[in-house]
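Asks: Listed below, chain by chain, are the residues.
There are 4 protein chains.
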Amino acid sequence: MKAVVYDGPRNIKVKNVADAKIEKPTDVLVRITTTNICGSDLHMYDGRTDMEPGRVLGHENMGEVAEVGKAVDRIKIGEMVCLPFNIACGFCRNCEAGFTAFCLTTNPPMAGAAYGFADMGPYSGGQAELLRVPYGDFNCLRLPPEAKDPEKQLDYVMLSDIFPTGWHATELAGVAPGDSVVIYGSGPVGLMAALSATLKSARQVMVVDHHQDRLKLAEKIGAIPIDESKGSPVDQVMKLTGGKGADKGCECVGYQCHDPQEQEHSNLTMNHLVRSVKFTGGIGVVGVFVPKDPNAPEELEKKGEIAFDMGWFWFKGQRVGTGQANVKRYNRQLRDLITAGKAKPSWIVSHKLPLTEAPEGYKHFDARDKGWTKVVLRPAA
Amino acid sequence: MKAVVYDGPRNIKVKNVADAKIEKPTDVLVRITTTNICGSDLHMYDGRTDMEPGRVLGHENMGEVAEVGKAVDRIKIGEMVCLPFNIACGFCRNCEAGFTAFCLTTNPPMAGAAYGFADMGPYSGGQAELLRVPYGDFNCLRLPPEAKDPEKQLDYVMLSDIFPTGWHATELAGVAPGDSVVIYGSGPVGLMAALSATLKSARQVMVVDHHQDRLKLAEKIGAIPIDESKGSPVDQVMKLTGGKGADKGCECVGYQCHDPQEQEHSNLTMNHLVRSVKFTGGIGVVGVFVPKDPNAPEELEKKGEIAFDMGWFWFKGQRVGTGQANVKRYNRQLRDLITAGKAKPSWIVSHKLPLTEAPEGYKHFDARDKGWTKVVLRPAA
Amino acid sequence: MKAVVYDGPRNIKVKNVADAKIEKPTDVLVRITTTNICGSDLHMYDGRTDMEPGRVLGHENMGEVAEVGKAVDRIKIGEMVCLPFNIACGFCRNCEAGFTAFCLTTNPPMAGAAYGFADMGPYSGGQAELLRVPYGDFNCLRLPPEAKDPEKQLDYVMLSDIFPTGWHATELAGVAPGDSVVIYGSGPVGLMAALSATLKSARQVMVVDHHQDRLKLAEKIGAIPIDESKGSPVDQVMKLTGGKGADKGCECVGYQCHDPQEQEHSNLTMNHLVRSVKFTGGIGVVGVFVPKDPNAPEELEKKGEIAFDMGWFWFKGQRVGTGQANVKRYNRQLRDLITAGKAKPSWIVSHKLPLTEAPEGYKHFDARDKGWTKVVLRPAA
Amino acid sequence: MKAVVYDGPRNIKVKNVADAKIEKPTDVLVRITTTNICGSDLHMYDGRTDMEPGRVLGHENMGEVAEVGKAVDRIKIGEMVCLPFNIACGFCRNCEAGFTAFCLTTNPPMAGAAYGFADMGPYSGGQAELLRVPYGDFNCLRLPPEAKDPEKQLDYVMLSDIFPTGWHATELAGVAPGDSVVIYGSGPVGLMAALSATLKSARQVMVVDHHQDRLKLAEKIGAIPIDESKGSPVDQVMKLTGGKGADKGCECVGYQCHDPQEQEHSNLTMNHLVRSVKFTGGIGVVGVFVPKDPNAPEELEKKGEIAFDMGWFWFKGQRVGTGQANVKRYNRQLRDLITAGKAKPSWIVSHKLPLTEAPEGYKHFDARDKGWTKVVLRPAA
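Chains as they are written, first to last, in the numbering used here: chain B, 324 to 704; chain V, 324 to 704; chain L, 324 to 704; chain S, 324 to 704.
So that you can see chain B by itself, here it is in the shape it has in the complex (with noise of 0.2 angstroms):
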């Protein structure tokens, strides 16, 4: 089958690698039609992960099922799916406890695995035209019929994973109805993160970063951009809620942020966030951070450390929440609104691509250019 393989930093292929199949009677096979590329495969791309050479890449998957293993009960061939990334058990403790984004089955000693990713196990990725799907029937979700649209899956393959994320980016804050809530970043999770606080029902939703575009994007469901190019994004917050600070604040950037000048400084948007929110406010944090990165450009940072405000951060007696989505704790209801046209994900689509021009859509979504806020491929097509 043709699939997306990482050959090195920067360096990615489409090539012709061994078939996916069902290996233990729990697997699922899936022909996925629709695959994204993910911020946070940018991380592995850009050389910042200790990512193997030969893998194949892609955690944002869905399509419809082709074959079934002996114990899978529930999911049938030719129904359509959507993957959660998370790679999950459902029968060890954290997957009981709803935190199947720290599975303790799947990549032990780790907790949580996910398709095609740095230290998240073995699994092969999705940017392919076949995915072995361990635990099927627990790791599938159902779509309806009008899944098989191409068009419909714009929407539904958002389930795999940013939609999920933005809104546990809300749910970690601790978003509620009425709420002021600032999001720093406005790349895809970001923006997710507006749609989740608005489903919510946010009084007002701010979103700050320095790409035009995509505060664009946050201004049409009715955002409040924040540019912070044009000076201090906490006095910016400030200013619109009345000296108070947001109540609640989401971190979509990680690591790798990056301030209007383009230089990178791990704590900026963890610091300013403590600064944008109230006191007694929550922070959720889906941005990826990282034990340690030895190509990093500060010191504290290649340790995974972060000169942060913690002063501040107690006084103001705010709360932070972080880590990987446990997709499937959201995945069924954020369906339901999208098949009840209640929430429509994919107004962040820039690019729809055959398989065939990954290595394209890779390197202008790396780069940021204008215009390619989020990539979509299309292994059948």
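None of these hints come from the bench; they were simulated from the model. Take these hints with a grain of salt, some might be off.
Said to hold, decoys possible - Short, incomplete list of chain V residues facing chain L, as computed with Cβ under 10 angstroms:
(1) Lys347
(2) Pro348
(3) Thr349
(4) Arg371
(5) Glu390
(6) Ala394
(7) Asp396
(8) Phe461
(9) Ala704
Remember, it's a predicted structure, so these values are computed and weren't measured experimentally. Glycine included, every Cβ here is placed at the ideal spot set by N, Cα and C.
Fit chains V, L and S to the known structure of chain B by using the hints.
Replies: Here is chains V, L and S on its own, set in the frame of chain B:
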């Protein structure tokens, strides 16, 4: 009246000052029977805050109602009451939401006021014969008649701060029945966190410190003492939890954190907690951190920052909650447990001194002199 | 001042009564600009309560602050305020826990007080020119200056009762994003529950009634009208939910529940809800039920009992929450949604009458006359 | 193998039946070491359900893993395991949300399955030498090696049902530290609710019954026995709570509720609870109620209805949660408390019988014969 007055770093005097009195119709005047020296008083005592000389200290107070203002409906003269260290109005946005430690009325434009405390408003402390209690109907916790007994007061006075603060640590951490819990710091607050975790039916409560006398107190209520002078506390926690880490962790030390060699490192406990607590775990921070600390030994610390292990924190998907305890959230229930004989926080009291001996008490408690675990002052004695 | 006085069953008069005035230092006096007739006023109007003749009605009130007591710190003369129908002290055990509908101070030995309401304390109502507001700092909700505009008042006045009450129904039921929700009753409260469920991103909101004009209002905000005169509402809900039942249900009718043939059966909505809601689902009950009802048509009802389908309720593992709304839990956030233009509860208002036409308003609203969906009174008009 | 077979009302026989065996690749086969007679078995024993003659009873089971299916990854032969009475798939909508008592896969079109239980699917019970456990990786709770000890089994076997069920009662009621709690019923489940409330640091736990031997067991763990044969239990609760009522209440009896004169009134405990619990309080119902009961003594009861005091329930703003316990929500934590020596549920065991004496055990337990509080069967003895 006699009162304990701060006269500059490590300079405490008992002086005659003007009597506290009713100033507003919502005030209550309390004749103090029992008032404690708190670990957070030591930040002021050490000159590590901008406390103004001449002010009366003391925020852990209880006593008998001596007089009530004209608008006071609930509290009656002669009742025994315990006063939360927080001074709160009861009607601002934060108080209504239960965040009485962050009252927007009593110390504008900051959030939160306290008796005799740096940066927490102009209120006089209760290490004195009389105390003015603003918004008396809201702030006074009624005690049962047995609270007239000086022995019982040793339990009830702990409701003013450290018992609710220790409880708050476990609430912020999310301690639940069956949990394994690690607590950094076996000072009075850490010990109260250990008591709280025990009352919540944690299966395992570990307390880390290097002061033997305090670790012994932890052991007395069934906690497991971890002596950090005998090896990495993280390793010891890992061993006790089968390599998984504790479910939840509590920070009960704050920015003036010392290693077993008595060197101060403001990030020590936070980074130990990140390592000691499991994937998906929660951390509660009630040890004080300050926005700036010009006299600090480390560069980052001067700015109120710490070198924080954000990489592991995020990778493990942990949560952290911080800040002063909203005492009123817990003090009724904890009072009822004391009255029912189900909690006895006085076990940590080492010294009961007349008010006039306060300077002695401060000196020994500040030096962590052996056996000086908690000092109670008796203005009437 | 002029006021709407209850003179016995179906006998309402506008009379001159003594002016409301400041009686205690914590009081605030409000000049009423807008005050509504509530569905629960009709229980009194119909003589189905033990309301004393001679009392002034009206618990859905807003206006301008005319005077403040000496102990009032927050509220200022000239401010526009909306008053929760609950009269609460702010410092009793229940108020502190957020249960302001069950204040232990304002109506002892019962829990909970209201303006102009049977069994809810001696307080005079606000269908009058002036209203005395006890514990003014706690009970007044400040409105933005635009609330001086009579048109805007049609939205803001709903914060006194029915918007928070409808919201409360969805809170008690546990409505979450993505849920399917069924609401029994499309009177003003039922419609507000529908609006609330919509704001919470329910995927499907069904409203059951047999009054066409009210069902049309539900349809206007995107809810699905279920006409119970056309067949079993349970069957209709089952059909719309693929045989599973709704995730959550709301009771917005109460004990005077009528079937499409206008026969009263006090257990009708509760048992319909048990059947309409899925296994594990939640039900919120804000429709009024009373401890005794000597004039009721059914034997059980006279004792305040209903023949309740406990078997299915338990077998399905459902939850039910009940009671009057704690308005202060919700009114700030809902006010902010109105100000931000994200909620417009005035869409249900059918009639704006001067105070003198209150008797006409009561008569038509009580008869459920077509088109009389919500009556607003203007004392100043 | 030998097994306890239901042969019609009050007719239980120990017979030889076909060995239980692995039927699906996800099955686990367990050799039962310990299995209890449950109070809910008595509804079947009494002929008050539609249990089919010939079926094997027993849903409180533990034992040693004898064999595992080909798709089982976690559970190994030789491990000691305890089986939740719920049979759940782990991947349906309800299981994912933690509602394993309402699994949508194992007993369609109903929700929820159990071993050897009327209306809960075709599964054979564990009062036998061997038990087939579907979805073994999900349903088996691993026990520590000490569970090989028959004495320790008396604690661990309680994790299959009554300890989690008693805990569930307190969860549904919302029992929190410092609460006053009243429990109706001092059968095994009521006693476990009392233990659970105690572990949650309730300040006062009251248990209502008229069986002296059972009340004595309640007293043994510090609960206050309330003998309803000596006067109204509601009055006694009111007296013990200063006229306020308990904060929370638990129903641990069910529809076959008897007054002290041994007359059955299916609404007795529910209405007592409404009266005994305070305004705003919560009630948890784990006693069984059934949708229909043709052999019931009362008319309403035949239809599964009760004459419920809805008026007071609503007026007091109470909440009620119901249904079978989702055992997996609690059994890991409770197991850990047993292992840590912090909970010892075996204190209620009165009889340990070989399987062959099961008929004797059923007879005495059903008769509530003095001293027969909990019967444990040993198939291997």
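Asks: Does the CB of Pro348 (chain V) sit less than 10 angstroms away from some CB of chain L?
Replies: 4 angstroms, holds
Asks: Does the closest beta carbon of chain L sit nearer than 10 angstroms to the beta carbon of Phe461 (chain V)?
Replies: 5 angstroms, holds
Asks: Using the nearest Cβ pair, does Ala394 (chain V) come within less than 10 angstroms of chain L?
Replies: Holds, because the Cβ-Cβ distance from Ala394 (chain V) to chain L comes to roughly 4 angstroms (cut-off 10 angstroms).
Asks: With a cut-off of 10 angstroms on the beta carbons, see whether Glu390 (chain V) makes it to chain L.
Replies: Interface hint status for Glu390 (chain V): violated (16 angstroms vs cutoff 10 angstroms).
Asks: Double-check Asp396 (chain V) for me: the hint is only fine if its C-beta lies closer than 10 angstroms to a C-beta in chain L.
Replies: Holds, because the Cβ-Cβ distance from Asp396 (chain V) to chain L comes to roughly 7 angstroms (cut-off 10 angstroms).
Asks: May I ask you to test the interface hint for Ala704 (chain V) with respect to chain L, counting a Cβ-Cβ separation under 10 angstroms as satisfied?
Replies: 32 angstroms, violated
Asks: Let's test the interface hint: is any C-beta of chain L closer than 10 angstroms to that of Lys347 (chain V)?
Replies: With a closest approach of 7 angstroms, the Lys347 (chain V) hint holds.
Asks: Can you verify the interface hint for Arg371 (chain V): is its Cβ closer than 10 angstroms to any Cβ in chain L?
Replies: Constraint on Arg371 (chain V) not satisfied, violated at 34 angstroms.
Asks: Using the nearest Cβ pair, does Thr349 (chain V) come within less than 10 angstroms of chain L?
Replies: 5 angstroms, holds
Of the numbered hints listed earlier, those contradicted by the structure are 4, 5, 9.
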